[in-house]
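Single-letter residue listing:
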Amino acid sequence: MATKTDPGNFFEDFRLDQEIRHATPRTVTAGDVALYQALYGSRFPVQSADSFAHKIGLRDAPVDDLLAFHIVFGKTVPEISLNAVANLGYAECRWMAPVYPGDTLHTVSRVIGLKENSNKKTGVVYVHSQGYKDGGELVLDYIRWVMVRKRDEAAAIAAERVPTFNAVVAAERLRTPPGADFAHYDWALAGSPHGWEDYAPGEKIDHVDGITIEEAEHMLATRLYQNTARVHFDQFRQNQMSPGQEKLGRRLIYGGHVISMARAISFNGLANAAFVVAINGGRHVNPTVAGNTIYAWSEVLDRAELEDRSDAGVLRIRTVALKDCPAAGFPDKDAAGKYPDSVVLDLDYWVMMPRREKRRG
Amino acid sequence: MATKTDPGNFFEDFRLDQEIRHATPRTVTAGDVALYQALYGSRFPVQSADSFAHKIGLRDAPVDDLLAFHIVFGKTVPEISLNAVANLGYAECRWMAPVYPGDTLHTVSRVIGLKENSNKKTGVVYVHSQGYKDGGELVLDYIRWVMVRKRDEAAAIAAERVPTFNAVVAAERLRTPPGADFAHYDWALAGSPHGWEDYAPGEKIDHVDGITIEEAEHMLATRLYQNTARVHFDQFRQNQMSPGQEKLGRRLIYGGHVISMARAISFNGLANAAFVVAINGGRHVNPTVAGNTIYAWSEVLDRAELEDRSDAGVLRIRTVALKDCPAAGFPDKDAAGKYPDSVVLDLDYWVMMPRREKRRG
Amino acid sequence: MATKTDPGNFFEDFRLDQEIRHATPRTVTAGDVALYQALYGSRFPVQSADSFAHKIGLRDAPVDDLLAFHIVFGKTVPEISLNAVANLGYAECRWMAPVYPGDTLHTVSRVIGLKENSNKKTGVVYVHSQGYKDGGELVLDYIRWVMVRKRDEAAAIAAERVPTFNAVVAAERLRTPPGADFAHYDWALAGSPHGWEDYAPGEKIDHVDGITIEEAEHMLATRLYQNTARVHFDQFRQNQMSPGQEKLGRRLIYGGHVISMARAISFNGLANAAFVVAINGGRHVNPTVAGNTIYAWSEVLDRAELEDRSDAGVLRIRTVALKDCPAAGFPDKDAAGKYPDSVVLDLDYWVMMPRREKRRG
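Chains as they are written, first to last, in the numbering used here: chain A, 645 to 1005; chain B, 645 to 1005; chain C, 645 to 1005.
One chain only, chain A, in its complex shape (with noise of 0.2 Å):
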């Protein structure tokens, strides 16, 4: 009788190319918009009424795209990362289209990369993943890497690759939700008059708010997403665990509740950033557990128009969210690259915004 619980993927189970059908589909309901709303408060209007969305063409508020990225993630844990040792980054996460509550989605990974360290103890697993609503339309796509142990050293690995991918998503591929036309954005409504090109490069932003995260939230956010990583959920493990075990101590906080987090907050200053159409990359760089304040500020990296249309221009930003450490000063990494201990995230993505000129005209 074979075991029946799930033991995960070890490094040596993964195939270069090997095609991974992830369980488990989830119907995103208004339900899911409620928690969301009440997990981070956030603001974006867009998300927030159906009829601010019909003002921008789209047939409802769509969810938040963030909550589009959890669930989709969330699916890949129990075949990709249950036996990793840590998430090592993202890459070239484009959004394709708007997810609206009664969606169904489903995820499918393809392993573009395997590479064994050294040690022969782990290797790291590259896979290009794919979420997808039920009729076929693809929502998400993106490449993320992890560290994942060996069950047994000695196993051999059949084939390894390390792929390139691009450090960040060139502005004439990313995707835009299809009809959405700023032209008749309604900015009072929104909350604020900073449009697309009222930012510059070089801009920093602090984010002035702060929000303390309890236990039970990040932990509703994270089964709300179907995310299983042991790690977010089990207080007693991490008491009975030895200093020599990866020892947090603590239940570790999902990172995608931070970036969440450090989006909500990123509303006081970017208000109109109506849509994340793309993360170039992202770090989690420190551990964030409950009782932690999260504050944030950005940069913006770059801005861009979008082919053919006046009414709205992506920009590229960089948000830093820090732990019990208002963002007034901008901490950051300095010249060496090292993060301060009160870094817990560096994003770098870019947001459609809309521009100003068209209301003007």
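Among these hints, one or two may not hold up.
Lysine-lysine pairs mimicking BS3-like chemistry, simulated, CA-CA at most 30 Å apart [said to hold, decoys possible]:
hint, chain 1, residue 1, chain 2, residue 2
1, C, LYS794, B, LYS848
2, C, LYS699, C, LYS777
3, C, LYS759, C, LYS891
4, C, LYS848, C, LYS759
5, A, LYS977, A, LYS759
6, A, LYS699, B, LYS777
7, A, LYS759, A, LYS794
8, C, LYS777, B, LYS699
9, A, LYS848, B, LYS794
10, B, LYS848, B, LYS982
11, C, LYS777, C, LYS982
12, C, LYS891, C, LYS765
13, A, LYS759, A, LYS848
14, C, LYS891, C, LYS764
15, A, LYS891, A, LYS765
16, C, LYS699, A, LYS777
17, C, LYS759, C, LYS977
18, A, LYS794, C, LYS764
Which chain C residues face chain B? A few, computed with CB under 7 Å, are given here [said to hold, decoys possible]:
hint, residue
19, ARG665
20, ALA674
21, LEU868
No wet-lab data here; the hints were simulated from the structure.
Don't be surprised by glycine CBs; every beta carbon is placed ideally from N, CA and C.
Model the placement of chains B and C on the given structure of chain A, informed by the hints.
For chains B and C alone, coordinates are given in the frame of chain A:
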């Protein structure tokens, strides 16, 4: 390059008769209803079951009256009270129409009074706020006044005015939910046999139950309402504050959270108080923080018939909420008007309640 | 003027064959489903995705069987167990029809047994409770018995009876969801290849994962179910209690919360246990409080075919939930029937699971 972060309005920024159309519109859904249920445990049947609402002539179960209040109120925070020192009061708050899942709400405020304090550091701002559905239907109408900081003590104030308003909404001015008819009210399924005529002015009710509030709960609630007041969320800042800075040392629980908790607790004794139709006034007497256990007692202040109908009447209720102090004995302010430390809320409001005669007729 | 607060029924208030139509009807929505997801992290696919439910012939994803149970059960608390000293047991609990978002539930109970204890201070009340949809469709049917305080020790008890019932629901009496057909079950998307015939009586499964429970979580859950039992909510009262008063010193977690948590944890090992169709019996062996980490293991007790169908069968499962004790080693009661302190739940139930042959056929 202008600062992108919204600093909020200071006292000298307000103008008499200024109209403010607040961000962020918000579509209320069944998800909000479920979260409200989970946060307070309410059992009022009209809001709990579509079929029960149908029996009294409504098209479906409306959302809790206080949920509508919190959402309408939350929108006013960024412009009105981000720099508030104190919430001084509410008056003439009336519910004008039920809110249903699917309705989108926004809020408009008009500055109806301004009065600088003699210390020149602060002033009192009086606003008349109105919550609307997208089609233009008015759902909530109230006056609120707050003490707001000046940015610059030397700033001159153009014009001042102290508005007058009624301490109690006269019964004939109350608006009851259009179409609501209690002729076929199901008393057994509602859970209590006590109707409008069973309550007499002077009667006091100990609502018995106590509920302890957790940090995660009040923050989930306050974010659900898109209320961004920093004092509810940022524990790190509280830890850093020195005694001279209005230090509480703890995250302050949004007063509306306590109102909703007291209303849910009041079910045990006021089970048939189907709708809150007005708030005459309310004071958050002492701060509430996580870990406090809330109890409540009520006093019947008045009882009035509704014109041309015998199915229901209104009761004017005073509900006093307490922290860490059971309500037996009805702890109250003394003859000099001084409240014990245990009192956190003193709320004066009108509820609509079915009459029993109709049932017997 | 009568006291308006409901004191609940005491033992001498019950009558044999008395029928109680419980308040408060409740419309179940997608909001409840999302909260249930966030509270437990369940991954059973039929309840997670409309499209997966369609593939097995259901009209949409039904709500989790235990969510329906908790809502039906919660309604009985005010009349049956407000003055309970102990929940003694459940029996013959059967799910009769799936519940979908939009359904409104209410509960009716009949007193089928009464037995005063020899100390004259308490007695045992046996009730047969049934949960219905508004149209009259029966969704849940169970027997429960509780020990209830007498108001007056001298009160005479009119008629007593101890009912008999079956320790196990016979497989032929199980009701499976009408229309559910697993012929086209998608095993890959479900996340596990193990079907009904892969499980054999005597097999034990360590479900591995551990989840720590927070105060906010169990209170959110219990209020969602409109379960008002005071012991779950009032920490101040626990602090004040003296040792002689059944003092726990902590808020007691609703036993149903632990059942739902154990069921969600059991996914890892019982992923295709698509429906809970009956509970034969359950014991809350030791109290659970916030901060406890829940683990679970299961034992297959029996396996039965379903008449005239080869797509699915039923398994009788015993799931044991533990606090602060991993399930490896299967901690259990000893030969004398005494449980270790770590065991919090011992639940005996039937699940419906697809068969693999059909797939291969």
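Quick rundown of the hints versus the structure:
1. Among the hinted pairs, LYS794/C with LYS848/B is consistent with the structure: their alpha-carbon atoms are about 27 Å apart, no more than 30 Å.
2. About 24 Å separates the Cα atoms of LYS699/C and LYS777/C, which keeps this hinted pair within 30 Å; it holds.
3. Our distance criterion of 30 Å between C-alpha atoms is met by LYS759/C and LYS891/C, whose separation comes to about 26 Å.
4. Note on LYS848/C and LYS759/C: the hinted pairing is violated, with a Cα-Cα distance of about 38 Å set against a maximum of 30 Å.
5. Taking the CA atoms of LYS977/A and LYS759/A, the gap is near 28 Å; set against the 30 Å cutoff, the hint holds.
6. For the suggested pair LYS699/A and LYS777/B, the alpha carbons sit about 16 Å apart, so the restraint of at most 30 Å is met.
7. Of the supplied pair hints, the one linking LYS759/A and LYS794/A holds, its CA atoms being roughly 12 Å apart against a limit of 30 Å.
8. Proposed proximity of LYS777/C and LYS699/B is supported: the alpha carbons are some 16 Å apart, at most 30 Å.
9. In summary, the hint linking LYS848/A to LYS794/B is supported, as the alpha carbons are separated by about 27 Å, within the 30 Å threshold.
10. With a C-alpha separation of about 20 Å, the suggested pair LYS848/B and LYS982/B falls inside the 30 Å cut-off, and the hint holds.
11. Annotation: proposed proximity of LYS777/C to LYS982/C is violated, straight-line Cα distance about 40 Å (limit 30 Å).
12. A threshold of 30 Å between alpha carbons decides the hint, and for LYS891/C with LYS765/C the separation of about 18 Å falls inside it, so the pair holds.
13. Note on LYS759/A and LYS848/A: the hinted pairing is violated, with a Cα-Cα distance of about 38 Å set against a maximum of 30 Å.
14. Using a Cα cut-off of 30 Å, the hinted pair LYS891/C and LYS764/C holds, with the two alpha carbons roughly 22 Å apart.
15. The suggested pairing of LYS891/A with LYS765/A holds, with an alpha-carbon distance near 18 Å, which does not exceed 30 Å.
16. Restraint check for LYS699/C and LYS777/A: satisfied, since their Cα atoms lie roughly 16 Å apart, inside the 30 Å limit.
17. For the hint pairing LYS759/C with LYS977/C, the CA-to-CA distance comes to about 28 Å; that is within 30 Å, so the pair holds.
18. The straight-line distance between the Cα atoms of LYS794/A and LYS764/C is roughly 65 Å, outside the 30 Å bound, and the hint therefore fails.
19. With a cut of 7 Å, the hint placing ARG665/C at the interface with chain B holds, because the nearest CB-to-CB distance is about 5 Å.
20. With 7 Å as the threshold, the beta carbon of ALA674/C comes within range of chain B, its nearest partner Cβ sitting at about 6 Å, so the hint holds.
21. A hinted interface residue such as LEU868/C counts as satisfied when its beta carbon comes closer than 7 Å to some beta carbon of chain B; here the least separation is about 4 Å, so the hint holds.
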